[in-house]
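2 protein chains.
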Amino acid sequence: MKARVYVSLKPTVLDPQGATIKSALVGLGHSMIADVRQGKYFDIAIADGADREQVSKELEAISLDVLSNPVIENFQVELLD
Amino acid sequence: MKARVYVSLKPTVLDPQGATIKSALVGLGHSMIADVRQGKYFDIAIADGADREQVSKELEAISLDVLSNPVIENFQVELLD
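Chains as they are written, first to last, in the working numbering: chain A, 41 to 121; chain B, 41 to 121.
Simulated from the structure, these hints should not be mistaken for laboratory data. One or more hints might be untrue.
Where chains are identical, the list cannot tell them apart; a pair therefore holds if satisfied intra-copy or between any two copies.
Derived DSS-like pairs: lysine-lysine, alpha-carbon spacing no greater than 27 Å straight-line [said to hold, decoys possible]:
1) K50 with K97
2) K62 with K50
3) K42 with K62
4) K62 with K97
5) K80 with K62
6) K50 with K80
Taking the hints into account, I'd like the entire structure generated from these sequences.
Below, the structure is given as structure tokens:
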């Protein structure tokens, strides 16, 4: 089984890295770029034979405790197969 | 229009950050975790009225030239609406 966890800054949190990329792109002539926000994701391979519901619950806990900072970040868990 | 560009290390490139997260999770008792690889993504807002085909072409160029390092990274462009 494979899963993907997306972690992004909350919409209310400033993203200076995204803002820098945005102004670099506009400076390079890509004037159609209105905004850029950066996030990260984790591709997680799950051992065979794991129970789907248990995996889903455990991934939620992992995302909250380890992969994201819930003060400033949101996360989203996606089971891929 | 919105687009998302995913950037990940090529499968043949070592991902020490992912490996560290994997062993941390196994150490915390999540023994079902077989592998972790980290990637990043860019949520890009496109100015209204841009031509879809032109946007797609420009995003490919941006991804190759600015957002990724094509020596060690792959990218994938997704138009969201």
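> Can you tell me if K62 and K97 fall within 27 Å by alpha carbon in one copy, between copies, both or neither?
Replying inline: Between copies only: 17 Å across chains, 36 Å inside a chain, cut-off 27 Å.
>> Reference check for the pair K50 and K97, CA-CA at most 27 Å: within, between, both, or neither?
In response: Result: close within a single copy only, 22 Å intra versus 29 Å inter.
> Is it within, between, both, or neither for K62 and K50, if the alpha carbons may be no more than 27 Å apart?
Replying inline: both (18 Å within a copy, 25 Å between copies)
> Using 27 Å as the alpha-carbon threshold, which applies to K80 and K62: within, between, both, or neither?
Replying inline: Cα proximity of K80 and K62: in one copy and across copies (17 Å, 16 Å).
> Given identical chains, is K50 near K80, meaning Cα to Cα at most 27 Å, within a copy, between copies, both, or neither?
Replying inline: Both: 13 Å inside a copy, 16 Å across copies.
> Given a CA cutoff of 27 Å, do K42 and K62 count as a within-copy pair, a between-copy pair, both, or neither?
Replying inline: Result: close only across copies, 14 Å inter versus 32 Å intra.
Against the hints set out earlier in the document, no violation occurs for any number.
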